[in-house]
Each structure stands twice: as structure tokens, then as C-alpha cells.
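Chains as they are written, first to last, in our numbering: chain A, 20 to 175; chain B, 20 to 175; chain C, 20 to 175.
One or more hints might be untrue.
Note that identical chains are pooled: a pair holds if it fits in a single copy or bridges any two copies.
[Unchecked claim] Below are the DMTMM-like pairs computed for lysine to aspartate or glutamate, each with C-alpha atoms no more than 25 Å apart in a straight line:
#1 Lys-78 to Asp-55
#2 Lys-162 to Glu-23
#3 Lys-162 to Asp-124
#4 Lys-78 to Glu-138
#5 Lys-162 to Asp-38
#6 Lys-162 to Glu-40
#7 Lys-162 to Asp-36
#8 Lys-162 to Asp-68
#9 Lys-78 to Asp-124
I should point out that these hints are in silico values taken from the structure, not numbers from a laboratory.
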Amino acid sequence: MSREARFRQIAVELGYDFDGEIKVGGNYAPLVVHDDLIYISGQIPRVGDTVVIQGAVGKDVSLMQGQLAAKVCIMRAVALLLRQFETLDRVRKILSINVYVQSADGFTQQSEVSDGASEVLYSIFGEAGVHARTSVGVFQLPKNAPVEISLVVATA
Amino acid sequence: MSREARFRQIAVELGYDFDGEIKVGGNYAPLVVHDDLIYISGQIPRVGDTVVIQGAVGKDVSLMQGQLAAKVCIMRAVALLLRQFETLDRVRKILSINVYVQSADGFTQQSEVSDGASEVLYSIFGEAGVHARTSVGVFQLPKNAPVEISLVVATA
Amino acid sequence: MSREARFRQIAVELGYDFDGEIKVGGNYAPLVVHDDLIYISGQIPRVGDTVVIQGAVGKDVSLMQGQLAAKVCIMRAVALLLRQFETLDRVRKILSINVYVQSADGFTQQSEVSDGASEVLYSIFGEAGVHARTSVGVFQLPKNAPVEISLVVATA
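Work out the full structure: start from the sequences and follow the hints.
Structure representation (C-alpha cells):
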């Protein structure tokens, strides 16, 4: 199965449509390409106009919902790559992801939340999707998102 | 108008002088150049010895003051680039910025705070200043700064 | 003294053994090499199965213990580099480190915590260890770690 087909299959499994426009406000870009490096802006679990899961993980949001949010964030990032290149075959390696988890007091399973994102990347890209990762628990995120993920990607 | 002229004009508008020495403590550097990549250390809104705005955005610090703090952070970063190269023409592209906002409980407008920084970058560099961006709300920042910003920049 | 000898000397001083397996869970890697760049995943002060210092700096964990935790994080990262290349001579430059400090309310000495890590890098690598640095205070960290550090490194 192609990377694009796996992307679409995961979108169906999650029940969200990532084909719509991905809105970006202000004087910044959803992604920036420099030589063979791509910097992708922090993605929150927004589909269309709606942040589909909101709140702090460990309080308003369960671990499982947090993992789902991480999957939606990473699917948005992959959708941006697909829009940029019209194929996912140009992705040579996912180099690094930063996962910011809006965390309730005492919640320490940030790595487990991130596993949702890592799993999607591996499903779509296989070995090329195995990345360095940093997971931290932050106090607040834009629009009360439970998770935000930024990436650095290498292209072929 | 040259990039340097726009930089100086914004400094006048903000009412701060970025020509003084930018202090860095410890065994690290304000910026590191590697081939055509520049990594700039996290900048807080310090002018000379003073962190000019302090506290958590959404409590001690208003959104507008937070945006001002973000502008001061990014002006410091641009001042570092100017000192390194003696011109801003060597900046080929602002690749990525990370904006950390010391946030009060319930404050979710981190992106709006970051807009202050993005606006300055666009004013000085135009299209070359359009960057990938990640904004998160952290619990505390060094010296009680409301905002801290790090960057990756590509040089010509 | 060689870089490896200084690394081993610091390990003895800290009283921890960094020769054991460094465990990584999930579909991500402890480090990813791309051309001459290395992205190292966020390291917490874990030795073997144990996070050797736990809690928030400024409450459960003193500044000095936080600095020690930062040293253990960075020693893990150096151990990963040593394992990858079987020598530390391949490290051309430590480009950038991100230091996340799990911070108590009102604790603003994140930079001082990071100094522990910067000092170790300078001790081992000299000028090649002088890096860009971003220090922030986060709300929670995985496994209740007081510090987490990620790095970007350039190889020869």
C-alpha cells in the first residue's frame, strides 16, 4: 500500500477529513522548505475550524483522548507535506518531533501521549518515519488544545 | 528602506536601544553558525541588564504587553544577527521560531502573543521573514520573563 | 585527555554508570542522523531503569539537584553519541540544546539549572561544545523528571 493510501486509511479510521484547507493566521507559514530540510509549524488537533479535543490531559482529557489528539496533530502535518509535494514519496526521513502536552497537575505520561503520533508516522512511512522525539508537559496551549506537535523533516 | 533601517525604525518605535552588549552567561553562545544554518539561543525581553516586562501573560501581563515582549525578544535576535554579520542581508530565510509564553492559568492566546514577533520579522525581512512557528504556554521562564523565543535561520 | 576520558571521568564524579543500554520505548529513535546533523531525543536523568532525581525544581528538587539532573541528562546524550560513533571525535559542534525544567510555581532559575549541562559539554568538547541554548520552565515532565534536554549536533 502506498504512503498516501495509508494516510487516507488512517484518516478514515480516525473519522476526520484532512483534505480541507489548513488555516494559518498571521505572518508565518505552515511549513518552510530550506534545501532538503522542512520545518513544520506546531500543529494542534484542529480539523477545519474546530479544535476537536480540548483541555488538559489527565483532567479534562484522558490518556487515550490525548493519544487521539496527537494522531490528529500529526495527520495535519502529513497533510501539509502532501499538499506541498503532491506525494509523500518525497519524505526521506522524519528527523525530529516535539510534542507539547497540556498537562494536568501530576500527569507524567507525556511520552505515552506522544506514542499516538509516533505510531501514525511509522504506519505511514515505515523506517523513514522513525524519528527523534522530545515530549514535555506544558501549562497551556493555544486554543486550549491538549497537544501541539512541531516537526523537522528531510526530503529526497 | 534597507533591512537595517527598518530594524532601527522599529527600535525607535518600541523605545528600546538594541545597540548595547547582549549579555550571555555560562558556557553557551548567543548564536551558533553551522554551514548555512544559524541556531539562536532563547531570547527574553532583556534590554541591557533589565527584563523590561515581567510576569505571566493573562495575569500580570496583558496580551498587548505580551506582544510587546515578543517584539523585544525578536529584536534582540535580529540584533545578534546584525552583530554577527554586520549586515542583515546575509539572512536568507527565517526558518523556524519557537515562542514560549509564560501563561496564566486559562490563558490560551499564545499564538496572538507570537504574532508580535512574526510581525517584526515580516516588517524587517519581508518574504524571507515568513517562518514556521510553534507557540506554547509554559509555566515559568528564566528571570520571570513573559516570553522567550528561539530561532533557526538560514544564511546566504 | 581525550573526550572519552573526560566523559568517563565525569561519570565517575557523578557516581553513575552510563555504559548500560539506554532504553527507548515506542516507534522513535534515541537519535537520528541526517547528513552531518544529528537530532537527539529528549533525555531525562534516567540511569538504567531509574529516574535518579524526580520532582519539580524549586520545591521537591533543589537548584543544585536540578543542575545534577541536567548533567545526567547531557551525559546520557553524550553516551548516545559515543555508542553511535564509537568515538566522540566525530562531534564537530554541539549546535543547540533545549532544556526543559519541571518548575515549581515562582521558580525562575531555569538558566542556572541549564548551566549544569553546558558545563559538562564544555568540559568534554571544549569550544566544540559551546552551543546555542534555550531554557524554559515546564509544568510536568515524563516520569516526573525534573529536567529534560534535547540536542542538535553537527558531525565531522
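Status of the hints after comparison with the structure:
When the C-alpha separation of Lys-78 and Asp-55 is checked against a cutoff of 25 Å, the pair qualifies neither within a copy, at 40 Å, nor between copies, at 42 Å. Neither within a single protomer nor between protomers do Lys-162 and Glu-23 lie at most 25 Å apart by alpha-carbon distance, with minima of 29 Å and 35 Å respectively. Proximity of Lys-162 and Asp-124 under a CA criterion of 25 Å is satisfied in both settings, with 19 Å inside one chain copy and 13 Å between copies. In the homo-oligomer, the alpha carbons of Lys-78 and Glu-138 lie at most 25 Å apart inside one protomer (24 Å), although the nearest pairing across protomers, at 35 Å, exceeds that limit.
For the identical chains of this complex, Lys-162 and Asp-38 are intra-copy neighbours only, at 22 Å inside a copy versus 37 Å across copies, given an alpha-carbon limit of 25 Å. In this assembly of identical chains, the alpha carbons of Lys-162 and Glu-40 lie at most 25 Å apart only when taken from the same copy (18 Å versus 37 Å across copies). Proximity of Lys-162 to Asp-36 under the C-alpha cut-off of 25 Å is restricted to the intra-copy arrangement: shortest distance 20 Å within a copy versus 34 Å between copies. In this homomeric assembly, Lys-162 and Asp-68 come within 25 Å of each other (Cα to Cα) only inside a single copy, at 11 Å, whereas the closest approach across copies is 34 Å.
Taking CA atoms no more than 25 Å apart as the test, Lys-78 paired with Asp-124 passes in both settings, with 8 Å inside one copy and 14 Å between copies.
When each numbered hint is compared with the structure, violations occur for hints 1, 2.
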